[in-house]
Amino acid sequence: EAGVTQFPSHSVIEKGQTVTLRCDPISGHDNLYWYRRVMGKEIKFLLHFVKESKQDESGMPNNRFLAERTGGTYSTLKVQPAELEDSGVYFCASSLLAGGSSLTQYFGPGTRLLVL
Amino acid sequence: EDQVTQSPEALRLQEGESSSLNCSYTVSGLRGLFWYRQDPGKGPEFLFTLYSAGEEKEKERLKATLTKKESFLHITAPKPEDSATYLCAVPQGGGNKLTFGTGTQLKVEL
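Going line by line, the protein sequences match chains S and Z.
With the numbering used here applied, the first sequence covers 492 to 607.
With the numbering used here applied, the second sequence covers 150 to 259.
Hints in this document: simulated from the structure, not taken from any laboratory.
Fair warning: there could be bad hints in the mix.
Far from chain Z, some chain S residues (derived; all Cβ distances over 10 Å) [stated by the list, open to error]:
#1 Q508
#2 N553
#3 L557
One-sided excerpt, in silico: chain S residues whose CB lies under 8 Å from chain Z [said to hold, decoys possible]:
#4 E533
#5 I534
#6 F536
#7 H539
#8 D547
#9 F582
#10 T595
#11 Q596
#12 Y597
#13 F598
#14 G599
#15 P600
#16 G601
No experiment lies behind these values; they were computed from the predicted model shown.
Note that CB positions come from ideal geometry on N, CA and C, so glycine has one too.
Let the hints inform the model, and build the full structure from the sequences given.
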């Protein structure tokens, strides 16, 4: 079974440019999460989708970040315009919708974003 | 606010030298504690979920235990391939979002 996949694996952009990250969750996982790890800090929550709806976006840093999940399948996270402090590793995770193991989140390999 | 603290930050072991990693948490109404392993350049890989104090889970050389205030990840007779960063996390509040610790970077040498 395929795990969570993310694209691209790396992205280097200039300040002010736009970048779009993509996440494909494990098939059948209706919960999808975005997290971010900035240099030297712990992984921090950004956003949670249940199917195509935003369940919790309390971790989104500001309105330069836009997340979508059209059709409840893959998700995109757009940063526009990018700032230096947006550099870090962006992780996507997914989990089942319900049941005893619905809290267990499976992570993708991450997208390493560097804003110059 | 929910907090997760891991210690030590880094640990260097000789092959075969057993040890334990600690994860202390402060959260009201614990609904689970998760351990992940992360290799350089990769995403966190799920290891264990513990739900209640007294629970233990094992996988190869790893055993995770849980009390009301902390969790331990015991590594028995580690091998170099066990070298990685070990992360613990708890669901925050009433939702699913995870609060992570900063991790313990383990290096096992021959």
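Notebook entry, point to check: In terms of Cβ atoms, is chain Z entirely out of 10 Å range of S:L557?
Noted result: holds, 19 Å
Check: Would the hint on S:G601 stand, with a C-beta cut-off of 8 Å toward chain Z?
Finding: holds, 5 Å
Next item on the list: Double-check S:E533 for me: the hint is only fine if its C-beta lies closer than 8 Å to a C-beta in chain Z.
Entry: holds, 5 Å
Notebook entry, point to check: When the nearest CB of chain Z is found for S:Q596, is that gap smaller than 8 Å?
Noted result: holds, 6 Å
Checklist line | Beyond 10 Å from every chain Z Cβ - status for S:Q508 | finding: Holds: least Cβ distance 24 Å, greater than 10 Å.
Note to self: The hint names S:Y597 as touching chain Z; please verify it with the least Cβ-Cβ distance against 8 Å.
What the structure shows: holds, 6 Å
Next item on the list: Grab the minimum C-beta distance from S:T595 to chain Z and call the hint holds if it beats 8 Å, violated otherwise.
Entry: Cβ of S:T595 sits 5 Å from chain Z, so the hint holds.
Checklist line | S:H539 as an interface hint toward chain Z, with CB separation required under 8 Å | finding: holds, 6 Å
Margin query: For the restraint on S:G599, tell me whether the closest CB of chain Z is nearer than 8 Å.
Written below: Cβ of S:G599 sits 5 Å from chain Z, so the hint holds.
Check: Once the shortest beta carbon distance from S:F598 to chain Z is found, is it less than 8 Å?
Finding: The hint holds - S:F598 has a Cβ within 8 Å of chain Z, the shortest such distance being about 4 Å.
Notebook entry, point to check: Hey, does S:N553 actually stay past 10 Å from chain Z on C-beta?
Noted result: holds, 18 Å
Checklist line | Minimum beta-carbon distance criterion (8 Å), S:D547 to chain Z | finding: This hint holds: S:D547 lies near chain Z, its Cβ roughly 5 Å from the closest one there, short of 8 Å.
Hint violations for this structure: none, all hints satisfied.
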